[in-house]
Amino acid sequence: MTPLFRRPIARRDPAERLVTLVGKPGCHLCDDARAVIEEVCGELGVPWEERDITRDQEMYDRYWEQIPVVLVDGAQHDFWRVRADRLRAALTG
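For the numbering used here, count along the sequence shown from 1 and bump the result up by 923.
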């Protein structure tokens, strides 16, 4: 019987990732999420951006009940509460 070998999973350089915080002004959960994102992205050298749902109707329609929403490379990663350990794992794994 031939042993099965797993192909190594290609890991992306964190600096090539993009984290997006989708939120709105005056949102205390967004403030908490921003602090976590600033910490983790700063530590790993990952660029991040913030999108305001009050200025983007499509984002508003999609996310208004979930903010803050965190996207990693455009895909939804988390919402409401952002955990540093989960975000760090998503960016380095």
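Calculated from the structure, these hints are not laboratory results. Fair warning: this is a prediction, and the values are worked out from it, not measured in the lab. For glycine and all other residues, C-beta sits at the position ideal for the given N, C-alpha and C. One or more of the hints may lead you astray.
Claimed, not checked - If you anchor each label on the Cβ, the simulated ranges turn out as follows:
#1 E988 with G968: 10 to 20 Å
#2 E939 with E962: 18 to 28 Å
#3 G965 with R935: 11 to 21 Å
#4 E973 with A938: 27 to 37 Å
#5 D936 with T977: 12 to 22 Å
#6 G1016 with T977: 24 to 34 Å
#7 D1008 with Q980: 32 to 42 Å
#8 Q980 with A938: 29 to 39 Å
Hint-by-hint comparison with the structure:
A C-beta distance of roughly 32 Å is found between E988 and G968, which places it outside the suggested range of 10 to 20 Å. The hinted window of 18 to 28 Å between E939 and E962 holds, with their beta carbons roughly 20 Å apart. With their beta carbons about 18 Å apart, G965 and R935 fall inside the hinted range of 11 to 21 Å. A hinted range of 27 to 37 Å for the beta carbons of E973 and A938 is inconsistent with their spacing of about 19 Å.
In this structure, D936 and T977 break the distance hint of 12 to 22 Å, their C-beta atoms being roughly 33 Å apart. At roughly 33 Å, the beta carbons of G1016 and T977 sit within the given window of 24 to 34 Å. Taking the beta carbon of each, D1008 and Q980 are about 34 Å apart, inside 32 to 42 Å as hinted. A C-beta distance of roughly 32 Å is found between Q980 and A938, which places it inside the suggested range of 29 to 39 Å.
Consistency with the previously given hints fails for numbers 1, 4, 5, ordered from lowest to highest.
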